[in-house]
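Asks: Two chains, each in its own frame: build the complex with the hints.
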Amino acid sequence: MNAWQIIGSLIAVVAVIVAVRMMGLGEASIADAAEACDLAEAMVPGFIAREAVICGAGRGALIAGTNGEFVILKRLGSQYAARRLAAPVTTQLRDETVLHIESGDRWFGKINLSFPDEATRAAWRERLDQAR
Amino acid sequence: MSELPNPVDYAVPAFVVLMLVEIWLVRRRKQTRAYSPGDTATSLFLGLGSTIAGVLSAGLIYALAVWVHAFALFDIGMDLRGWWWAWIACFVLDDLAYYVFHRSAHRVRWFWASHVIHHSSQHYNLSTALRQTWTGFLSIAFIFRLPLFLIGFPPAMVFFVAGLNLIYQFWIHTEAIGRMPRWFEAVMNTPSHHRVHHATNARYLDRNYAGVFIVWDRMFGTFEPETDDERIRYGLVHNLGSFNVVWAAVHEWVGIAKDVWRAPWRHKLNYVIREPGWSHDGSRATSDTIRAAWLEKGNR
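Chains as they are written, first to last, in this note's numbering: chain H, 911 to 1042; chain E, 17 to 316.
Simulated from the structure, these hints should not be mistaken for laboratory data. Do not rely on the hints blindly, as some may be mistaken.
[Said to hold, decoys possible] Covered stretches of chain H (in silico footprint by chain E; criterion: 3 or more residues with CB under 8 Å from a CB of chain E, positions within the stretch not fixed):
| no. | stretch |
| --- | --- |
| 1 | 919–930 |
| 2 | 944–955 |
| 3 | 974–988 |
| 4 | 991–1004 |
No residue lacks a Cβ here, since even glycine has one placed at the ideal position from N, Cα and C.
Excised from the complex, chain E in its bound form (with noise of 0.2 Å):
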C-alpha cells in the first residue's frame, strides 16, 4: 500500500496528552460540564472503532485510487524538493475536496448517516474530535477525493495530507480557546468556527463546514461567526438521548431503512438523497425550516 506513514497514528498520543491537558484545565477553571465520562467513553469507543472500520476498508479504498490514478491528466512526483509546490497544492486542493465533502454531508442524508455520528455528541471538547464513524465507506464519502487522482496526485501524498487535515482538526474540538487572533480566524479554520458548526442553535445550523481553511466558507456563502450572545447548544437537532455506542454508529441508517420502508414508492428516494429531516408531508423539520421559522419571529 501507501509508502508513508499514516501521521493519524503518530498524532494519537498526543491526542491523548491534550484530552487529559484539557481535563484538567476544565476542572480547574470548574467548568464542570465540559466533560462527562459516559460521554467520553462513547465518543472514544467511536473513535476506536472507526480506526478498525477505516484499517478494514483501507485495502480496498487504495486500490480505486491507484487505479483512477492510471488515468490522471499530470504526472506529479513524490520528491519533496522537486515538487514541494505540489504537496502544497494537494493539500489546499484536499482541504477543498474536504469541504464539498462536508457540505454534502449536512445536506445529503446518505452522506449524513455516516456523519452524524461525530454530531451527536451535546457535549464540545476534545474527544468530540474522535467521535468518528463506523460507516464512511458505506457512504461512499471517499469520491470526494476521486478528483484529486484524476489531477494527477499521487495517491499516497493525498492520503498523506488527508491525515494532517484530520489531526489540525483535532484541537478546533475545544470551549477551552475563546478567540484565535484576528488574522488567523480570517484565514483558518479555528475552535470559534467550529464550535458554530457543531451548534443546533438555528442561527448557526448547517454552516462553518471548512476543515483546514475558513475561506472555503467564505467564499461559498455558508461562513457564519461565533457571537458571544447566545449561549451554543451542541448536538443534533433531534439528540440521541443515549450513550449506546452502536446505536450512536447505526442509528440514522436505521431511520434512514424505516423511512424507505414506509414511504409512498415515489417519495422512496428522496429519504436517501434529500436533506436530513426531509419527508414527504412536511411532518418533520430540516435545518432550513427550523431556520425560516426563526427569522420569522424576527431574529437575527
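For reference, chain H alone in the conformation it holds in the complex (with noise of 0.2 Å):
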C-alpha cells in the first residue's frame, strides 16, 4: 500500500459518505411507548418494560421496568442504542421540558431528553429520583 492508495482511500471514503448524505438516509422515531418498550426489552438482556415515555418526536425514550430500573434509549443513526441506569441516577433540568440524563457510560454520553410537557418531565424525574 503506498501513499496514493491511502489518498485514493480517503477521496472513496469521503464520496460515500457524501452520498449517504446527500440521499437523506439515516432518519428514524420512535412511533410509541409500546415500540420503546420492544426495542428495551430486546437490546437489555433481562429487562421486562412496564411503560415508557416518547421524547424529542421519537430520538429518544425512557423506559420504566417492572423491578424499579430505568432504561434509556437514544438513536444512533437510523438506529437505537440503549443502556440501563445504575442508581442513583444524576438528572439535571434543562429549559422547560428538556431533562439531563447522566447514562454513567462515557462513551454512550449524557442524554437531553425532551419531554412532552414539564409536568411529564417533573413526574418521570421524580421516578428516576426514587430509583436512588
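Replies: Now the structure itself:
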C-alpha cells in the first residue's frame, strides 16, 4: 500500500459518506411507547418494560421496568442504542421540558431527553429520583 | 514478500461502486434506515485503519508463514496448470480454517476483542463489510492458517486465496438481496445466512460462522436459517452507543484489561479465555444464557 492508495481510499470514503448524506438516509423515530418497550426489552437482557415515554419526536425514550429499573434509548444513526440506568441516576433540568440524564457510560454519553411537557418531565424525574 | 498480488487491492474500486449502487437502491426503495452517515463513516474509517494495520504487520506474518512452511509435510507447487487441484484444495481448506478462526473469535474473548469491531455496527449494509479490526495481529488470528503451511501449501498461495475469501464475503453484507436460489443457499454463504450471523436476536446468537461455504455450519451444528417471522436486530448484545472510531477499535481490549485488573486472582485468566460476557459472579449475560432465557420463555 502506497501513499496514493491511501489518498485514493480517503477520497472514496468521503465520496460514499457524501452520497449517504445527499440521499437523506439515516432518519428514524420511535413510533410509540410500545415500540420503545420492545426495543428496551430486546436490547437489555433480562429487562421487562412496564411503561415508556417518547422524547424528542421519537429520537429517544425513557422506559420504566417492572423491577424499578430504568432504560434509556438514544438514536444512533438510524438505529437505537440502550443503556440500563444504574441508581442513583444523576439528572438536571434544562429549558422547560428537557431533562439531562447521565447514562453512567462515558461513551454512551449524557443524554438530553425532551419530554412532551413540563408535568411529564417532573413526574419521570421524580421516579428516577426514587430509584436511588 | 509474496510474488502474487493482493486481490483485495484490485477489488476495492468495485467495493466503492457497489456501495454507491446499494445507497441508490435503498433510497429508491425508501429504506432510509439502511444507511446513516455517522455509521458509514465509522465503518469506512475502521476499514481504512485496518488496511494500514494489516500492512504494518504483513511482513512479520509472512515471515512466520515461510518459516512454518519449511517444515511442510508435502511439496506443493504454485503453477496453476500442474497444481490446479492444489489451488482448489487450498481455497476449500482455507475456508475451513476461516470457519475455525471465526467460531473461536466468537467464543474466546481474546479473539473476540479483535473481531467485535466487525460486529459493532447496528446497521447492516455493504459498508459494514469493511468495518474490520485494527488489532488482528495482537489477537494472533493468523495462527489458524498455520496448519495450511504445515501441509505444504505455499504462503503466497494461501494469502492469495485468503484474499479471494475476503472479497467473497463483501457482497453478503446487505439487506438489498433476499434469498438466493435454493441450491446456492444450501452450499454457499449468502446475505440471508450472514444476516443471521450479525443478528443479536436470541435465536441467532453465535450462528453461521461460515466464510464462503455454509456447509461447515451445517456439518458442525452451528447453522441457523433466517426466518421471516422475526425482525433482525444487528450489532452487539451490549451496543457501543457511539460512533467513535478509536473506541470501536479498542473497547473490548479496554474491557478485558479492566476485568482482569478487578477480578480475583483465580478468575483473571477466565476473563481472557472464556466466552464474551462471562463473569465469575454470573452477573453478565453470555450468548448461551440469553438463548437459554429465551428458550425458557417457550420460544423456538
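Asks: Return the numbers of the hints above that this structure violates; sort them in rising order.
Replies: Violated: none.
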